[in-house]
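From first to last, the protein sequence lines are chains A and B. According to our numbering, the first sequence is numbered sequentially starting from 10. According to our numbering, the second sequence is numbered sequentially starting from 4.
Hints are computed from structural coordinates only; laboratory data are not their basis. Some hints could be false.
The list that follows gives simulated cross-link-like pairs (lysine to aspartate or glutamate, EDC-like), each with its CA atoms no further than 20 Å apart [to be verified]:
(1) B:Lys209 / B:Glu151
(2) A:Lys60 / A:Asp86
(3) B:Lys215 / B:Asp250
(4) A:Lys125 / A:Asp79
(5) A:Lys21 / A:Asp67
(6) A:Lys42 / B:Glu180
(7) B:Lys209 / B:Glu87
(8) B:Lys209 / B:Glu167
(9) B:Lys163 / B:Asp238
(10) B:Lys209 / B:Asp223
(11) B:Lys183 / A:Glu129
(12) A:Lys42 / A:Asp79
(13) B:Lys112 / B:Glu87
(14) B:Lys41 / B:Glu51
(15) A:Lys42 / B:Asp280
(16) A:Lys125 / A:Glu105
(17) A:Lys125 / B:Glu167
(18) B:Lys112 / B:Asp238
(19) A:Lys60 / A:Glu92
(20) B:Lys209 / B:Asp250
(21) A:Lys125 / B:Asp238
(22) B:Lys41 / B:Asp223
(23) A:Lys125 / B:Glu87
(24) B:Lys183 / B:Asp223
(25) A:Lys125 / B:Asp116
(26) B:Lys112 / A:Glu105
(27) A:Lys125 / B:Glu115
Okay, here's what each chain looks like letter by letter:
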Amino acid sequence: MMPTEQSGTAAKARVLVVDDSSLVRLYYLNALKNAGFEAEQAINGIEAIEKVLAGTYDLVIVDVNMPGMDGLSFIRDIRRRSESVATIPTLIITTEAGEQDVADARSAGANYYLVKPVSERDLIRHVAALAGAPP
Amino acid sequence: MGPVERHDAHAILVTTDDVHRLCEFLYRRTGMLFDDSKRYYIDRRLRERMVATRSTSFQEYFAHLRADAEHEIEHFINAFTVNETYFYREDHQLRCLTSALLDQAVRNKTPEDSIRIWSIPCSTGEEPYSIAIWLMENWSAVDSYNIEIIGSDIDTRALKAATEGIYGDRALMRLAEPIKGRYFNRLPDGLFQIDPGLRDSIHFTKVNLIDKAAMANYRDIDVVFCRNVLIYFDDASRRMAAENIYDCLRPGGYICLGHSETMSRISSLYRVRRFPDAVVYQKPGADDDAN
């Protein structure tokens, strides 16, 4: 691994995708990689916490309904941690489209909220806005 | 090469009666029917198994088989199944899946509900993986439902290969380069291995289509792909398989057969549905639209 960034280009924004469905994770991961982002995955909130504590991410995309630890609990958890972890932007992607669902996501500390189905274009547009445009 | 051993299979006499007994055994176990016209195919596989089990006579092998010594029944069935297929085979049915079948299937579902798609027989995995890839590439609602794709086969050797997910150029010949790049990792020996995330999204199981009790473990299936297997069955086994699948389907669920197969000659339980991309068969449901 090269210790320094390639000259002339910024480092790729790094995105963590958290969803319990491996098919959905793969779908988002491919969309992100196609657009030039670096993308990793976790199967629920518990694994996602381990990942954000161990690495650096510019954005976490997180589903709400997951066994183990759900998406809102994950966001509440990281918001209470040290500044570098607590300030990671989070994008909720869920099928729950009610007003109360959005309000709950806001109060948990989510930065943005998208309702499934999310097209590749919409995903990339919002990820770019929250994590910085890909190189 | 070593010296010719005493149990060299070519030296073993296998009579027509022996072959009949063997075919009867295979038929009762699997529903697969082989007659004298397939004698060469049968003989070759029988001799293979006799050499592998070091049997010196047909009687010895047949006793070994019937006793299921060293899991011989499984090895025997594996030897008789055909596992040649490729990705995106009969893709008009995959188009039909995303242009019609799934839209109908989700009419009675809410987001996050399960959609269950079953590939049986799945052989070495090309079909269930193709379904998953096709959905990610072509179905806009792919992230809104809990999509469960099951791949089942009677052949445990094929299932093992499916789980490993390693393929050569021939299996991938119908896939565009960008798709290969997204869903496969190129191995040093020139082969391709399916992406681990994709592999984890398919649930592989051993199932015998004519085993009613085993089939009862599968329920509420939305779409079954059962292609090019019923051609190996006789009428009675075909009907049994069709009825077993019927019980596995959700009301309104669909079954896709191979291009040379038609349900009307097998069972009257299903209704034929002609979509622009494919002809499929539907289990009638209380609220399906008959048109």
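Now for the hints, and whether the structure bears them out:
For the proposed pair lysine 209 of chain B and glutamate 151 of chain B, the alpha carbon gap of about 16 Å is at most 20 Å, so the pair holds. Straight-line distance between C-alpha atoms of lysine 60 of chain A and aspartate 86 of chain A comes to about 13 Å, which keeps the hinted pair within the 20 Å bound. Annotation: proposed proximity of lysine 215 of chain B to aspartate 250 of chain B holds, straight-line Cα distance about 9 Å (limit 20 Å). Under the criterion of a C-alpha separation no larger than 20 Å, the hint pairing lysine 125 of chain A with aspartate 79 of chain A is consistent with the structure, at around 17 Å.
Between lysine 21 of chain A and aspartate 67 of chain A the CA atoms are separated by roughly 9 Å; this keeps the pair inside 20 Å, and the hint holds. Among the hinted pairs, lysine 42 of chain A with glutamate 180 of chain B is consistent with the structure: their alpha-carbon atoms are about 16 Å apart, no more than 20 Å. The hinted pair formed by lysine 209 of chain B and glutamate 87 of chain B meets the criterion: a straight-line CA distance of about 18 Å does not exceed 20 Å. Restraint check for lysine 209 of chain B and glutamate 167 of chain B: the C-alpha separation of about 15 Å stays at or below 20 Å, so the hint holds.
A distance of roughly 30 Å separates the Cα atoms of lysine 163 of chain B and aspartate 238 of chain B; the hinted pair therefore is violated under the 20 Å criterion. For the suggested pair lysine 209 of chain B and aspartate 223 of chain B, the alpha carbons sit about 18 Å apart, so the restraint of at most 20 Å is met. A hinted pair counts as satisfied when its Cα atoms are at most 20 Å apart, and lysine 183 of chain B with glutamate 129 of chain A qualifies at roughly 19 Å. For a cut-off of 20 Å, the pair hint linking lysine 42 of chain A to aspartate 79 of chain A is broken: about 25 Å separates their Cα positions.
Proposed proximity of lysine 112 of chain B and glutamate 87 of chain B is contradicted: the alpha carbons are some 36 Å apart, above 20 Å. Among the hinted pairs, lysine 41 of chain B with glutamate 51 of chain B is consistent with the structure: their alpha-carbon atoms are about 16 Å apart, no more than 20 Å. The straight-line distance between the Cα atoms of lysine 42 of chain A and aspartate 280 of chain B is roughly 32 Å, outside the 20 Å bound, and the hint therefore fails. Distance hint between lysine 125 of chain A and glutamate 105 of chain A is fulfilled; the C-alpha atoms sit about 8 Å from each other, no more than 20 Å.
This hinted pair does not check out: lysine 125 of chain A and glutamate 167 of chain B have alpha carbons roughly 32 Å apart, beyond 20 Å. For the proposed pair lysine 112 of chain B and aspartate 238 of chain B, the alpha carbon gap of about 36 Å is over 20 Å, so the pair is violated. Only pairs whose Cα atoms come within 20 Å are accepted, and lysine 60 of chain A paired with glutamate 92 of chain A is accepted, the gap being roughly 16 Å. Taken as a hint, the lysine 209 of chain B and aspartate 250 of chain B pair is honoured in the structure, with Cα atoms around 18 Å apart against an allowance of 20 Å.
For a cut-off of 20 Å, the pair hint linking lysine 125 of chain A to aspartate 238 of chain B is broken: about 46 Å separates their Cα positions. Note on lysine 41 of chain B and aspartate 223 of chain B: the hinted pairing is violated, with a Cα-Cα distance of about 37 Å set against a maximum of 20 Å. Among the hinted pairs, lysine 125 of chain A with glutamate 87 of chain B is inconsistent with the structure: their alpha-carbon atoms are about 38 Å apart, more than 20 Å. Of the supplied pair hints, the one linking lysine 183 of chain B and aspartate 223 of chain B is violated, its CA atoms being roughly 32 Å apart against a limit of 20 Å.
With a C-alpha separation of about 13 Å, the suggested pair lysine 125 of chain A and aspartate 116 of chain B falls inside the 20 Å cut-off, and the hint holds. The suggested pairing of lysine 112 of chain B with glutamate 105 of chain A holds, with an alpha-carbon distance near 14 Å, which does not exceed 20 Å. Using a Cα cut-off of 20 Å, the hinted pair lysine 125 of chain A and glutamate 115 of chain B holds, with the two alpha carbons roughly 10 Å apart.
Violation of the numbered hints given earlier is confined to hints 9, 12, 13, 15, 17, 18, 21, 22, 23, 24; the remaining hints are satisfied by the structure.
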